[in-house]
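With the hints as your guide, set chain B onto chain A.
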Amino acid sequence: MKVPISSLNKLFENRVRLGIMAILIVNDSFDFNSLKETLEVTDGNLASHLKTLEDNSLIRVNKQFIGRKPNTRYSITETGSRAFKIHLDALEQIIKSQ
Amino acid sequence: MNDIKDYNEDLKSIKKIMEETSRFLSLSGLSGIFAGFIALAGGALAYLVILKSHTFAYSEFFMNLSNNETSSMKIQLIIVALLVLILALAGSLYFSYRKSLRTGQKIWTPVSKRMLINLLVPLATGGIYILILYSKAQWLFIIPSMLIFYGLALVSAGKFTYNEVFYLGLIEIATGLICNVLPEYGIFFWCFGFGVLHLTYGLLMYRKYER
Numbered sequence: 001m002k003v004p005i006s007s008l009n010k011l012f013e014n015r016v017r018l019g020i021m022a023i024l025i026v027n028d029s030f031d032f033n034s035l036k037e038t039l040e041v042t043d044g045n046l047a048s049h050l051k052t053l054e055d056n057s058l059i060r061v062n063k064q065f066i067g068r069k070p071n072t073r074y075s076i077t078e079t080g081s082r083a084f085k086i087h088l089d090a091l092e093q094i095i096k097s098q
Numbered sequence: 099m100n101d102i103k104d105y106n107e108d109l110k111s112i113k114k115i116m117e118e119t120s121r122f123l124s125l126s127g128l129s130g131i132f133a134g135f136i137a138l139a140g141g142a143l144a145y146l147v148i149l150k151s152h153t154f155a156y157s158e159f160f161m162n163l164s165n166n167e168t169s170s171m172k173i174q175l176i177i178v179a180l181l182v183l184i185l186a187l188a189g190s191l192y193f194s195y196r197k198s199l200r201t202g203q204k205i206w207t208p209v210s211k212r213m214l215i216n217l218l219v220p221l222a223t224g225g226i227y228i229l230i231l232y233s234k235a236q237w238l239f240i241i242p243s244m245l246i247f248y249g250l251a252l253v254s255a256g257k258f259t260y261n262e263v264f265y266l267g268l269i270e271i272a273t274g275l276i277c278n279v280l281p282e283y284g285i286f287f288w289c290f291g292f293g294v295l296h297l298t299y300g301l302l303m304y305r306k307y308e309r
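For the record, the sequence lines run as chains A and B. What the first sequence shows, in our numbering, is residues 1 to 98, in sequence order. What the second sequence shows, in our numbering, is residues 99 to 309, in sequence order.
Read the hints as simulated data drawn from the structure, not as lab findings. Backbone N, C-alpha and C fix where the C-beta goes; we use that ideal spot for every residue, glycine too.
Heads up, simulated DSBU-like pairs for lysine-lysine below, C-alpha to C-alpha not over 35 Å straight-line:
id : chain 1 : residue 1 : chain 2 : residue 2
1  : B       : 257       : B       : 306
2  : B       : 257       : B       : 197
3  : B       : 110       : B       : 257
4  : A       : 96        : B       : 306
5  : A       : 85        : B       : 204
6  : A       : 63        : B       : 110
7  : A       : 36        : A       : 85
8  : B       : 257       : A       : 36
9  : A       : 85        : A       : 10
10 : A       : 36        : B       : 114
11 : B       : 114       : A       : 10
12 : B       : 211       : A       : 85
13 : B       : 103       : A       : 10
14 : B       : 110       : A       : 85
15 : A       : 96        : B       : 103
16 : B       : 306       : B       : 114
17 : A       : 85        : B       : 113
18 : B       : 114       : A       : 96
19 : A       : 51        : B       : 110
20 : B       : 103       : A       : 51
21 : A       : 36        : B       : 197
22 : A       : 69        : B       : 211
23 : B       : 150       : B       : 234
24 : B       : 257       : A       : 63
25 : B       : 204       : B       : 114
26 : A       : 69        : B       : 114
27 : A       : 51        : B       : 257
28 : A       : 10        : B       : 204
29 : B       : 204       : A       : 69
30 : A       : 85        : B       : 306
31 : A       : 51        : A       : 85
32 : B       : 211       : A       : 36
33 : A       : 36        : A       : 51
34 : A       : 10        : A       : 51
Simulated coverage check for chain A against chain B, where a stretch passes if three residues somewhere in it have a Cβ under 8 Å from a Cβ of chain B:
id : segment
35 : 27 to 35
36 : 83 to 97
Chain A extracted, bound-state conformation (with noise of 0.2 Å):
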């Protein structure tokens, strides 16, 4: 039996940043608060998932203004598709394998 957990990336362990990729990955562009409010998870929370997946070059920040309301996009980037449909791969066969 050949389990590629090798192929797991490490950074979609954690429920937060699966769950940004899998928003990301279906919408062309997400905004901070609807991020928030489709996840359920704090401000400080959120923002600091953020930050390590743009260090990786998994997603793209867009820091735009309405009116005078600053209104943050996040988009995936061609990595972060990449990675996260291998990492969903893996899961799949993980789970078919057993």
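Just chain B, lined up with the frame of chain A:
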């Protein structure tokens, strides 16, 4: 180290998030059933009361009437159509709201906004087009245009909600095109397109997703 159960949970929650953020799933089959009933009631009112059950082919009926009589009838028909539209919209909002309370999903999300924009662009285009038809006295083509533009709106919004909405849109477009060939039977096509199709769609959706 994670075990298999955790991986399974991960995969399930990923799929759930991907589906919920890319599709608006609070649309209720009850909206369709309600809209269908309202449209049939409107069609019956138009046929039995306003046109006094004379004929489905209302163009012939209008030819035998004075201008005054036909213009007041047209206004009554338009009021009925608008009432049907408003009630059907209110119903679909209400039933979506109720479903979202039950499932715990939010109604005003990025994907519901995107769905609305995709619905409203063809729908508003159709609305303006129908006003132009009316102003040019092309009222025979109002019902076919309603069906066609409504169908286009559903096709375009269908990408952001249940796939069935897309197919309902295709059937509405086909109904509208046939109605264009036989425009004098508009009320019949209205009852089929907005009544029967909505009822059937609503019942199917309700049985498939909400029971």
